[in-house]
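Take the given structure of chain A and dock chain B to it, following the hints.
Going line by line, the protein sequences match chains A and B. Just so we're aligned: the first sequence equals residues 27 to 303 in this note's numbering. Just so we're aligned: the second sequence equals residues 27 to 303 in this note's numbering.
Honestly, the hints are just simulated from the structure, not real lab data. Here the structure is a predicted model, which is why all the values come from computation and not from measurement. Positions of the beta carbon are idealized from the N, C-alpha and C atoms, including for glycine. Hints are not guaranteed to be accurate.
Computed cross-link-like contacts, DSS-like style, restricted to lysine-lysine with a CA-CA straight-line distance of at most 30 Å [claimed, not checked]: (1) LYS201/A to LYS201/B; (2) LYS201/B to LYS190/A; (3) LYS190/A to LYS163/A.
Residues of chain B placed beyond 12 Å of chain A at every Cβ, according to the derived structure [what the hints assert, rightly or not]: (4) ALA92; (5) GLU134; (6) GLY152; (7) ASP154; (8) ARG198; (9) GLY261.
For reference, the chains in residue letters:
Protein chains: 2
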Amino acid sequence: MSFQDKLQHSWQQNNSLLCVGLDPNPLLFPEHFHNIDNAIFEFNKAIIDATCDLVCAYKPQIAYFAAHAAEDQLAQTITYIQQYHPQIPIILDAKRGDIGSTAAKYAEEAFVRYNVDAVTINPYMGFDSVEPFIAYKDKGSILLCRTSNSSAADIQDLAIATEKGVEPLFKRVAKLASGKWNTHNNCLLVLGATEPQQMAEIREIVGDMVFLVPGIGAQGGDLEAMLKAGLRGDGKGLIVSSSRSVLYASQGADFAEAARAAALNLRDQINRYRQLR
Amino acid sequence: MSFQDKLQHSWQQNNSLLCVGLDPNPLLFPEHFHNIDNAIFEFNKAIIDATCDLVCAYKPQIAYFAAHAAEDQLAQTITYIQQYHPQIPIILDAKRGDIGSTAAKYAEEAFVRYNVDAVTINPYMGFDSVEPFIAYKDKGSILLCRTSNSSAADIQDLAIATEKGVEPLFKRVAKLASGKWNTHNNCLLVLGATEPQQMAEIREIVGDMVFLVPGIGAQGGDLEAMLKAGLRGDGKGLIVSSSRSVLYASQGADFAEAARAAALNLRDQINRYRQLR
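Just chain A, with the same shape it has in the complex (with noise of 0.2 Å):
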């Protein structure tokens, strides 16, 4: 099944714009995870349990696993969700960017060696970076535009000259990924929830792209603000990432539990919104 096709049905089926970053850093992982081998595939399997009815999609942050040079974790993770909940998208946060035959190869690593549906990307380096991904057309390509991070406004938000004035450069990148780039009709973009009103003006000029939103939770996004922003006339194209505060909510015996509610509350928080409006 094609990103596209599972991610409507993971939408559907859990009736969730919620996806669950998977960030594990072992000095938060609860104590009985201290000494045992595996510990990050084992904490992750936790938390895929104990969430996998609430969610649209799973995140696994590759930075994670090679700091800790987890690779095999990282594709014992992927291979737990493919095999149990065949149904939910595996989107791997990587942001990779290369020239061509470099970018080829960190195609590859996504999209052949671990598999996954959907991976993000880095557009600084232009189309030729991004060309290899998106002729899996089957998977997603998801291109950095505006991030949530506090510095993200250095490069992203610096103003373009064109022929009518000015636009920031995230604005150019949107343009970019949902037109001229957009061959295979396969590429998302990234647009941080800090920043409602801008994604208020990338909505308007992308259509019904699917956006995916990190900086809810930990990074302090105002989730209101953000889905009046950025959710379709349909109620959905929003992929809405939390990490942190779903992982870490408790770091007790209980996490488990702690991060099911804590996904529970995010997805129903969602939901009401969307209901509302």
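Just chain B, lined up with the frame of chain A:
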């Protein structure tokens, strides 16, 4: 020894500005590698043995290892260089970039797990995505500025409005990386060999900052024009990287000799120009 000290030493010791990029592609290996274990490491080892007195640095490209689940062979390659050629700095070409907490994990991957001397970084997410790398004061943080691929202009050449008119985005990145962001004086820039005029303008702006220069050889940059544009007054300041034209100079049994000849030729071409000026 710090990255800068190692680089200074290897420039001098090997009388070379040449960096060999380790982009191991098993499809291009000579036939006798086709059925051996650890072919990637063994190929790299042969290239290193053949070129170790001709280079100022090695630059493994992590995508080529990641695509083949060969992180162990990346570690082996790095350890081999560190053990037998401890004076040669190692640059991990990874082009990482993410929010601060994740960037810290990527910095851990590069500087702790693999213990390399420098890493390439994508600036699109702004200062807090760069800061965790430069916090390793003895290491080098090499920021993408103007790359050598044909789509580089899509984003990097966009005209940023300033008080005095416009300037291309890559110039703004150069100013940030050499100024406000360079809090520990350990930043370098990636500047492709394909646009010597742009390199000259950046050299003007950033003073003695070191440039990592891809794009000669397979990517077709003009070596002499690039050297004229980029060399510092002391005839140094550049790490001129070549991958494919050295690694695959021959795909026969003589690949190592051919790689040495190609590296020697490049080093000497560069040095002839340095002596002439």
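The hints, checked one at a time:
Annotation: proposed proximity of LYS201/A to LYS201/B holds, straight-line Cα distance about 27 Å (limit 30 Å). Restraint check for LYS201/B and LYS190/A: the C-alpha separation of about 27 Å stays at or below 30 Å, so the hint holds. For a cut-off of 30 Å, the pair hint linking LYS190/A to LYS163/A is broken: about 35 Å separates their Cα positions. Non-interface call for ALA92/B relative to chain A: violated, since the shortest CB-CB distance, roughly 4 Å, does not exceed 12 Å.
Residue placement check: GLU134/B does not keep its beta carbon more than 12 Å from all beta carbons of chain A (closest about 4 Å). For GLY152/B, the shortest C-beta to C-beta distance to chain A comes to about 3 Å, within the 12 Å cut-off, and the non-interface label is violated. Interface exclusion of ASP154/B from chain A breaks down, the closest Cβ pair being 4 Å apart, not more than 12 Å. At roughly 6 Å, the least C-beta separation between ARG198/B and chain A is not larger than 12 Å, which violates its mark as non-interface.
The Cβ of GLY261/B sits about 28 Å from the closest Cβ of chain A, beyond the 12 Å cut-off, so the non-interface label holds.
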